[in-house]
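There are 2 protein chains.
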Amino acid sequence: MNQDYITPDQWSIKEDGFEIDNVQSSESLFSIGNGSMGQRANFEETYTGPSFQGSYIGGVYYPDKTRVGWWKNGYPEYFSKVLNAPNWIGINVMVNDETLDLFSCKKIDKFSRELNMKEGWLGRSFEATLQNDTIVKVNVKRFLSLEHEELGAIKYDITPLNTKAKITYQPYLDSGITNQDTNWDDQFWQTTYKEVDQNQGFIRSHTLKTFYEVCSFMESKVFLNSKELSTQGESLQKEMEVSISFSEYVAKGSTFSIHKFAGYTTSLNHDKTELISAAKSILKMAADKGFDTLLQSQKEAWDKIWQMSDITIEGDVKAQQGIRFNIFQLNQTYTGTDHRLNIGPKGFTGEKYGGSTYWDTEAYCIPFYMATKDQHVARNLLKYRYNHLGKAIENAEKLGFSNGAALYPMVTMDGEESHNEWEITFEEIHRNGAIAYAIFNYHRFTDDYSYIQEMGLEVLIAIARFWHQRSTFSKPKDKYVILGVTGPNEYENNVNNNWYTNYIAKWCIEYAVENIRKVEKEFKDDYGRIFQKTGLTTTEVDDMLKVAENMYFPYSEEHGVYLQQEGFLDKEMVKVDDLDKNLRPINQNWSWDRILRSPYIKQADTLQGFYFFEHHFKTEDLEKHFDFYEPFTVHESSLSPCVHSIQAALLGRMEQAYSFYLRTSRLDLDDYNKEVKEGCHITSMAGTWMSIVEGFGGMRVKNDQLHFSPKIPKEWRSYSFKVNFRNHILKVNVSHDRTEFTLEKGEALAVDLDGKTIEVA
Amino acid sequence: MNQDYITPDQWSIKEDGFEIDNVQSSESLFSIGNGSMGQRANFEETYTGPSFQGSYIGGVYYPDKTRVGWWKNGYPEYFSKVLNAPNWIGINVMVNDETLDLFSCKKIDKFSRELNMKEGWLGRSFEATLQNDTIVKVNVKRFLSLEHEELGAIKYDITPLNTKAKITYQPYLDSGITNQDTNWDDQFWQTTYKEVDQNQGFIRSHTLKTFYEVCSFMESKVFLNSKELSTQGESLQKEMEVSISFSEYVAKGSTFSIHKFAGYTTSLNHDKTELISAAKSILKMAADKGFDTLLQSQKEAWDKIWQMSDITIEGDVKAQQGIRFNIFQLNQTYTGTDHRLNIGPKGFTGEKYGGSTYWDTEAYCIPFYMATKDQHVARNLLKYRYNHLGKAIENAEKLGFSNGAALYPMVTMDGEESHNEWEITFEEIHRNGAIAYAIFNYHRFTDDYSYIQEMGLEVLIAIARFWHQRSTFSKPKDKYVILGVTGPNEYENNVNNNWYTNYIAKWCIEYAVENIRKVEKEFKDDYGRIFQKTGLTTTEVDDMLKVAENMYFPYSEEHGVYLQQEGFLDKEMVKVDDLDKNLRPINQNWSWDRILRSPYIKQADTLQGFYFFEHHFKTEDLEKHFDFYEPFTVHESSLSPCVHSIQAALLGRMEQAYSFYLRTSRLDLDDYNKEVKEGCHITSMAGTWMSIVEGFGGMRVKNDQLHFSPKIPKEWRSYSFKVNFRNHILKVNVSHDRTEFTLEKGEALAVDLDGKTIEVA
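Going down the list, the sequences are from chains D and W. Numbers 1 to 761, taken from UniProt numbering, label the letters of the first sequence in order. Numbers 1 to 761, taken from UniProt numbering, label the letters of the second sequence in order.
Just so you know, the hints here were simulated from the structure itself, not pulled from any lab data. Model, not experiment: these values are computed from the prediction. Mixed in with the good hints, there may be bad ones.
Said to hold, decoys possible - Simulated restraints on C-beta separations:
(1) W:Ser402 with D:Phe211: 54 to 64 Å
(2) W:Met1 with D:Lys521: 56 to 66 Å
(3) D:Lys521 with W:Arg67: 55 to 65 Å
(4) W:Lys209 with D:Gly560: 54 to 64 Å
(5) W:Asn550 with D:Glu655: 40 to 50 Å
(6) D:Asp737 with W:Trp70: 23 to 33 Å
(7) D:Phe103 with W:Thr48: 51 to 61 Å
(8) W:Asp542 with D:His559: 30 to 40 Å
Where is the CB? At the ideal position from N, CA and C, for every residue including glycine.
Can you build the whole structure from these sequences, using the hints too?
So, in structure tokens, the structure goes:
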């Protein structure tokens, strides 16, 4: 844990007191989003202190020319960057002609911030003494509408406390924004049009290279003591900015307010010629409804989300706050309504990592969306990969594969590979396996075969072809081997026969063939189409199966475990506990070669395989592997603690499970990795959900039935969660002495509780 | 082979006819240097076509801020860049007020270029028809003085052929130069002072960050039909340029000439305040002597070099030209007089690779300088590493080593590591071995123990400590292993137990201990000093030896060969001959992962070990390893063919040896690697020398005696070379029917010829 300034609370993220050093971390933690856009919790008014500005539009990106020290053949030309978008939250505030700026004012009292997760808004209040000795009280509330995804709203109140004061609001739009993350200091946006009158403003700009057209828009109303004023603003234009100025002499104790409605219309959703008219319609709707009505809808929309996705924890407010924060951020990042979007590792909370899609989506996020949303949301995530199949095939061709083999990118925005470290881009190929696994997982959970039959089988075939071609025959081993890979544990590069990779490769081939045969038998038309499109032959299928059947798995007789990769035991096997604490995190203290030749594991690798394929192994096997590998695991990936929490729970090691749970659920709130100011770890938040539902709840799907074997940390009184299983909504409430199932929707359902079948009605 | 426009000639590199496409390649091939400075063969007059400008000063570099895609702990902050220096060769030429420019003139006839290696000058002549229809004949000669290392001289003659013409010469100095190779488009030079009068000009500038002060200087004289004119020039200044203009109306058939003396004085060799006065002294000397006298001295100086280092080949002009080109370039690059300098991979012929010192120096260059120069030259190269020992220890500390262990840098200018690819910088650690090997090699050849006793032992101890700490104990193998390395074959990264690395590590420890004991016994005072400085203990020595004695070497019983690294045989063992030719060179056609998992070898790796330690193995062993590894070797490193040529010769495979010889000796002349325009491969040129002397000549030093087992390619009538062995200069002449030894200096010498001792007097 690196920080603990966040006040524990059931439903809100709260900060009390103003600390310059916490500003950037809070900008990440208090981020808001509505799936279609999102923004860091930057202040509306001027702030001249250290700050990381960020406003993001889902699907709008910039292909930044690759910059590397040493070029390798096959590197992509571009890295798709998450793009800082025009700023529409800005409201310059002047108090007696002095700019209100928390960095430069004399004194700040009663500063507090709240991210109200229940209702979906961000609030802030403080009393500031300016250099001119005016004391003002400020209250701000802001949200991004779930109902109207292009719209956000801000309510900004100022009350002079010690004197009458002239207050000026200058709401503005600014398209002169830059990225912190840029390879060549390129300009990413070009402003093409500005329009501003007494209460509305518009800026049109487009991204360079990708030519996404964006209209940023705003409209403001001002109020005195909640009574709307008819004041017309004074419009101003700068090169890449439009603003409107509203001034008022405000009596001591009176409150001058501005309601700003703003947002983006983009060419993703509108004809390019209609962006401004679309913006005007939205503004009209917003102005008609007004801030309070819009906020009311926002609360209702979030209420609906929480109805289904809330997890309650009794008796442990930090654990409760943690899980809600995770669920809230996931819902802010991705709502599943747009199949062009995906779940970026930082969501709308920062620029880092670029791209929007990693294997995290398939390996960690699908289960959450599958169980807490309608199944079409998870299906959209699968469809996203189907839509990128052509590019994945191209990507494989660039690396020398042929005949329709696909290698899905490590990082992507539009299907093209973005990443450029050879040991990752070219070698962390296990990602292909997760994409096939998600198809299996989706079908297992939903029983919806239509995706496989319509789209998924093509994906499975292309992935199987990749593994087939990527495996080579080793004469000395008389087995197929996969050489030169990076497994999920990125603290090993270019290793041979990573067990996880080999295992999932074998499985991918077998699963593809199983489905080829099923579709051939049961869906002749689909089979004909796919057969024609892929040119699959029985010889190829036989050859593939030969590879799968003869795959090599490194194994230690001495330890009775599969080896993470060949030669793993040649390392100096010093356990993490015996390592000098000053050396950790090793990724901040050791040169890369030292990390690579150490036995230390960044995140579940062999154990990731035992997580995915738990049903292939006995619990004793898992236990052996957990006992062998966990002591070497440094958990320096945000994706590590959740898998270990689930497995520790399964093995009945509740203290360990609980400690991993806290680490995953409060990773950002407590800033374990000392980097939250760069943004939140969005994708690992779905792992937090899994660590409760699959870990403590022990939920599994076996033979078309939900199975549970609930456990509960001693720190908790009870916890509950809901799952949407095949049109049944089942609520599960676990306390120390019993587990309650309530069916909230759907016909009676048989579930398995610790090996016994129970009928829930 | 990629080009064949160079005319075969015994003593010169010649090009006839002007081809725009060859300009940049010729700029590399016709480069001149004098060990202390050097330059590409750029034209003196304006040339607006594609050209790669380059003028370099030994020891003057710029630490360019590292730029990588993904930072790893331990990367150096800077990459030492070879620095393009102010241009002093420039002479703008106007003919009837039209700028002479071979890129834009109407017609070029009789263009020829000559790099006269015997005499050490670069010449060029042509007839150009300008746009204004004036036809001029031009003759240029240029050289960098071996005698006066800060001085260069140019003689430029113009003869109007079809009409009287006004000819203007504008000799200039230009410090507004840039690097092609720059990470951040930094400016590398700052100009601080300019001075110009009617015939002299000076520009002072300094490098940014490193603050090397350089005074570029020039003086010009003009002649009509070889008679000096008293014309005073008209001086001109621009921001970073000074020039002097001389005009003359020249009758048809008359020749107007300019002699330009120019060069650099630098703060490396002078007090900063005296650079201009030093320049003036040089100019005075040059003007007094005049061009012809200076050229005469140049011929004599080169004659002296050739006296000792020439290799003659009868009956094969291309082979003769190749070896002389290699010997000439080596002597242009490094003369051994300045122990601060070293042999950059591109010498003074380009910017690529940066740095000046690679393991190439110790592994490939030392033997050439040792045998063709006084032994102090090789000793200076060893001393260079001793001077960098402190930085090598610091470098090892950055990577987690301690107690005075040293890791010499992969690439350096001043002792600090410059390189930034983790798989090279951190893992290509075998370089440390070559540095120890050079000490052994120097002592074996010269019998001079003073270097070891005074300096070398400290280096050996620090290197042995590194290997001791870098080796770890493998329980399953019950041996010491070296994990995560890149061997000499850079087409394998992060492998375990690279045989070459393990072997040289073991040897380094044993050789260090052997010398620790020798110095302890024979040089008590030195031992005391070193003992105190290094804090060496007997326990440490015992521990080291334990590691050396128990080092693991991967071995294949089936093939009877050591394995390049563990798991090598798991690859798809398709030989190079069975590989589709379109796929080669693989480094231009394959993505990096594909190269890594292939069995293809960039350059001698296991065979490099057999080259260094030939005396440890039987010829049958070498044969087995050569037969096993060569068929997988693609020779895509310039350092590959020479070692294979030597070994093929030893194994009596003369056709193969000859083909490797041609490839190494004419690598640049015939542009095998399609990249000569970036500069020549200087360090591998020393390998060419070895391939004749050690390969065909079979020269070895055994038991303080020279051994020869000469062979001769069937294409040659005879060949001869000289070696300076312990103050004997021995000339060896080999023809098909006999070998002649002539002692040119020193007392009678016993040499071994094919196993028989011969007394040479």
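Okay, the hints, checked on the actual structure:
1. W:Ser402 with D:Phe211: 54 to 64 Å: holds, 56 Å
2. W:Met1 with D:Lys521: 56 to 66 Å: holds, 59 Å
3. D:Lys521 with W:Arg67: 55 to 65 Å: Hint holds: Cβ distance 56 Å, inside 55 to 65 Å.
4. W:Lys209 with D:Gly560: 54 to 64 Å: holds, 58 Å
5. W:Asn550 with D:Glu655: 40 to 50 Å: With a Cβ separation near 42 Å, W:Asn550 and D:Glu655 satisfy 40 to 50 Å, so the hint holds.
6. D:Asp737 with W:Trp70: 23 to 33 Å: Check failed, 52 Å falls outside 23 to 33 Å.
7. D:Phe103 with W:Thr48: 51 to 61 Å: holds, 54 Å
8. W:Asp542 with D:His559: 30 to 40 Å: Holds, since W:Asp542 and D:His559 (Cβ atoms, about 32 Å apart) stay within the stated range.
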